[in-house]
Amino acid sequence: MLDERILRVATDGGTSVLVGSADAGAVPACCRGIAVSTDRTLARATVYVPVATSRDVIANAATTKKLAVMITRVVEHVGVQLKGTVEAIRMAGAEEGPFVRRRLQEFAEVLDEIGLPRRVFLSVSHWPAFAVEITVEEVFDQTPGPRAGSSIR
Amino acid sequence: MIQMIPLTTIWRCFQGVIPSIIATSDSHGNPNVTYASQVHLIDDGHVALSRQFFNKTSRNLDENPLACAEVHDPVTFQSYRLHLKFLRSEKSGPLFDVMAVRIQAIASVTGMSGVFRLIGADVFEVLRVEKVEGFLTSAPAEPDERMSMTGARSEIRGLQYISEQINRAGDLDSLLDIVLEALGSYFGFEHSMVLLADECTGRLVAMASRGYGTSGVGAEVEPGQGLIGTAASELRVIRLTGIEACLRYGRAVRRESGSATPEIPLPGLPDAQSALVIPLKLCERLIGVLAVEDRDATRFGEWHEAYLEIIGNQIALGIDRMADDGEETAPPRIPIAKPEPADEGRRRTLTYYVNDDCIFIDGEYLIRNVPGRILWKLMREHQRDGRREFTNRELRLDPGLGLPPIKDNLESRLILLRRRLSEKCPDVRIVPVGRGRFALEIDGAVEMVER
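In order, the protein sequences belong to chains C and F.
Using the numbering used here, the first residue of the first sequence is number 1, and each one after it goes up by one.
Using the numbering used here, the first residue of the second sequence is number 154, and each one after it goes up by one.
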């Protein structure tokens, strides 16, 4: 049974999304994601990353099929990391555009509240985006503190 | 297209305002991505990351030294990627100390001293730096009014200006004000304060401030507590940028640790976003602390830190010189005068609480410890004998005041007393009348109560 606080971080908007992968030689790469779509089972997730800035991450994910995604509510620093196997990488469809833009807007609002002007984050590249579909195999509590990094599923 | 750029040209990214990202991988290629709480710029070829917990990042680096970090310019939000190779984890030494004191200060403010601490400064070789092209859809923003980066105005002229001001100060009282005024007028530091170390109590006492609604003179700070106390106990400069982000992180650790230790308020501005706290020291002896704050998260750069440390040394020398400078050269003139007729319309009550060693005026805290005892002595002799003038020498010779035999800081204690009276009880004044001599002036009637 996953903690409600963790579930909400993973499923709600207004969160930061970090994405990591490694190539076949275990050389890591990272980029900022824009949105994650998942449900309360956290069994599967679709991670949206901007095409403009995710070249290495996507190339690695396509090769190794491994992806790490950290989702954080930055005001409280409550975070969760999903690790899983890449099932598909595709261009996000037009019908997914409103969801991605809404998530961008929601996070921009949060950042504005804590001092980063809204317009700055809204100028971050977000479209076109890759949609990376993963099967989530591991879930980690990523909140700083004594339990940071502990496996919760 | 990847554009190679020198690391030192993106120094703003290492101010800690916007959290950086780090991705690592174990030896099997399983990735991990997380925030890095501090990325410290060492030189063009090296950075250091703070290690506060033994976590997945640490374990991965032990297996596979390669890492990728993404850092952001806090002014433009432009992103840069650093391709890194882990070299070593330093557990002591100058780099560790610099990174540790920052974390220690945050831990102290958030009530997490000893729990939230630096375990190691992880040193990385920077293999490649690249600007993330296309990260922003429009040209990088002009510096926001909330986030301006002020550079050096003129280093030598600034030093010369402050030195001149310190040298011109006739006494410690004016020196404190002059220093804060000069920092404000020359560097635009609008919120600043000087605290002096009290060797009797071991605490730091606020002696002068600029840019706050209330002066805060007389406020005390325990060594090791908060930003000021940590800078004092460690004798190290603390520069914090993006304070709110730092505190949010510290608060998260506190919450997750189940700690009930209360937070220690920031020095002055409750919404300060950056702070620079400089211990004023002579050799390894703490004289006091100079603290400046700002609501701009990027207000203080490395340049300010190095530069103000030099200015801090000048201030420390000036304070130390003047603190010893209160002996009268002329014979004391101590007239015995009849007490002035009291203005019955303005009666105030001065209460000395013996057990707490503190004085209240009309039920409001005024002062305590040595300055309080000095005030009580002056008032008592004034009421008993009608005395109005006193000398520093006689205070030094009075064992009842508890002044230390050497480095008694009598001047600074008198300044503190004078300023507290000026704020809380302007009807009672201590007015210098010559070198090492001062007069007690009282308007109206003052009732003295000892409890």
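For the record, the hints were derived by calculation from the structure and aren't laboratory data.
Beta carbons are placed, not taken as given, at the ideal position from N, Cα and C, and that holds for glycine.
You may find that some hints are simply not true.
[What the hints assert, rightly or not] Straight-line alpha carbon distances no greater than 16 Å define the calculated EDC-like cross-link-like pairs of lysine to aspartate or glutamate that follow: (1) 434(F) - 547(F); (2) 65(C) - 133(C); (3) 284(F) - 56(C); (4) 238(F) - 250(F); (5) 530(F) - 517(F); (6) 65(C) - 352(F).
[As the list claims (entries may be wrong)] In silico contact screen, one side only, chain C against chain F (beta carbon under 10 Å); selected entries: (7) 19; (8) 30; (9) 67; (10) 126; (11) 145; (12) 148.
[What the hints assert, rightly or not] A few chain F residues that face chain C, going by a derived Cβ cut-off under 10 Å, partial list only: (13) 177; (14) 178; (15) 209; (16) 210; (17) 234; (18) 285; (19) 395; (20) 401; (21) 403; (22) 437; (23) 506; (24) 508; (25) 585.
Each hint tested on the structure:
1. 434(F) - 547(F): violated (29 Å)
2. 65(C) - 133(C): holds (10 Å)
3. 284(F) - 56(C): holds (14 Å)
4. 238(F) - 250(F): violated (22 Å)
5. 530(F) - 517(F): violated (20 Å)
6. 65(C) - 352(F): Since the Cα atoms of residue 65(C) and residue 352(F) sit roughly 64 Å apart, the hinted pair is violated (cutoff 16 Å).
7. 19: With a closest approach of 6 Å, the residue 19(C) hint holds.
8. 30: holds (4 Å)
9. 67: Holds. Min distance 7 Å.
10. 126: Where the cut-off is 10 Å and the nearest Cβ of chain F is about 8 Å from residue 126(C), the hint holds.
11. 145: Check passed: Cβ of residue 145(C) comes within 3 Å of chain F, closer than 10 Å.
12. 148: Hint holds; residue 148(C) Cβ to chain F Cβ min 5 Å, cut 10 Å.
13. 177: holds (5 Å)
14. 178: holds (4 Å)
15. 209: holds (5 Å)
16. 210: holds (8 Å)
17. 234: For residue 234(F), the interface hint holds, since the closest Cβ of chain C sits about 8 Å away, which is under 10 Å.
18. 285: holds (5 Å)
19. 395: Status holds, d = 8 Å.
20. 401: At about 6 Å, which falls below the 10 Å cut-off, the nearest Cβ of chain C leaves the hint on residue 401(F) intact, so it holds.
21. 403: holds (9 Å)
22. 437: Interface hint status for residue 437(F): violated (34 Å vs cutoff 10 Å).
23. 506: violated (42 Å)
24. 508: Interface hint status for residue 508(F): violated (42 Å vs cutoff 10 Å).
25. 585: violated (46 Å)
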